[in-house]
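Chemist: In terms of the numbering used here, the sequence shown opens at residue 1 and continues consecutively.
Worth flagging that the hints you see were computed from the coordinates, not collected in a lab. Worth double-checking, as some hints may not be accurate.
Said to hold, decoys possible - Beta-carbon label-pair distances, calculated as ranges:
hint	residue 1	residue 2	range
1	122	92	19 to 25 Å
2	129	38	42 to 48 Å
3	126	177	33 to 39 Å
4	184	66	16 to 22 Å
5	88	60	39 to 45 Å
6	127	197	54 to 60 Å
7	129	61	44 to 50 Å
Small disclaimer: the values here were computed from a predicted structure and weren't measured. The C-beta atom is built at its ideal place from N, Cα and C for all residues, glycine as well.
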Amino acid sequence: MPQSAMTSEHNPYAPPASTIPPRPAPSSMGPGPLPRVEDDALVVHEESPLPRRCAKCGEKGDAKPTVREFQHVPWWGHLLVGGFAVLVFRRVARIPLPLCGACTDRWTEHQRAFGRAILAMVAVAVVPFVFFLGAEEDARGPLGLLTMLGLAGILVGGTLLRRARLDPFIVRSKVVRDRAAWLTGLHPTFVARATRSPRGPRAAAPANREESPADELTRR
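Make a model of the complete structure from these sequences and hints.
Modeler: Here's what the structure looks like:
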């Protein structure tokens, strides 16, 4: 008798098979709650289904979903604790937002420009402070004042820079709450596609009913 026939396929020492399905990647999440429009913002949940269309220019092209981190800090949080507000009061939502290659490049350049502006504001406060440490007693007063003004400039300038719409190719979040972001700056075509209900089985139209222009647009 062959040895394979004498060996049982059941292994009593093997770990039990897992019945829990693996968690999908953020770019394939869903279907979550359908995005909705509130005022001038599109409310998008982390697991909301999004169309395969660039969220910024509205074109299909090479749009690919990329997880973007949107965060929101209340304005009073910046005034109360300054830079620590990012850690204390911020709310974060990670949205797999589809963007084409051109809009992705523009977004990256905006982030780099924002980082350079932050470094420049920090230098305004750090450079006077360095001279303050090595200055004589008579010169410490003006340098100390410049240092304090530089720190105040970081708080005020950072807040204004985040709230200013310096780049038309950026998508911003007005509010972040419960893993959802209220996004502004999206293309109207993308918003219309995102808020459209998923298509189910089409009901048969009555034979005596003429097709209207609205039906033709819906069919497209």
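Chemist: Does each hint fit the structure? Answer for all of them.
Modeler: Evaluated hints:
Judged by the Cβ atoms, the range 19 to 25 Å given for residue 122 and residue 92 holds: they are separated by roughly 23 Å. At about 44 Å, the CB distance of residue 129 to residue 38 agrees with the hint of 42 to 48 Å. For residue 126 and residue 177, the Cβ-Cβ distance of about 35 Å falls inside the hinted range of 33 to 39 Å, so the restraint holds. Roughly 18 Å separates the CB atoms of residue 184 and residue 66, a value that falls within the hinted 16 to 22 Å.
Taking the beta carbon of each, residue 88 and residue 60 are about 41 Å apart, inside 39 to 45 Å as hinted. Checking the proposed 54 to 60 Å range against residue 127 and residue 197 shows it holds: the Cβ atoms sit about 57 Å from each other. Separation of residue 129 from residue 61 is about 49 Å and conforms to the stated range, judged on CB atoms against 44 to 50 Å.
In summary, the structure agrees with every hint in the numbered list given earlier.
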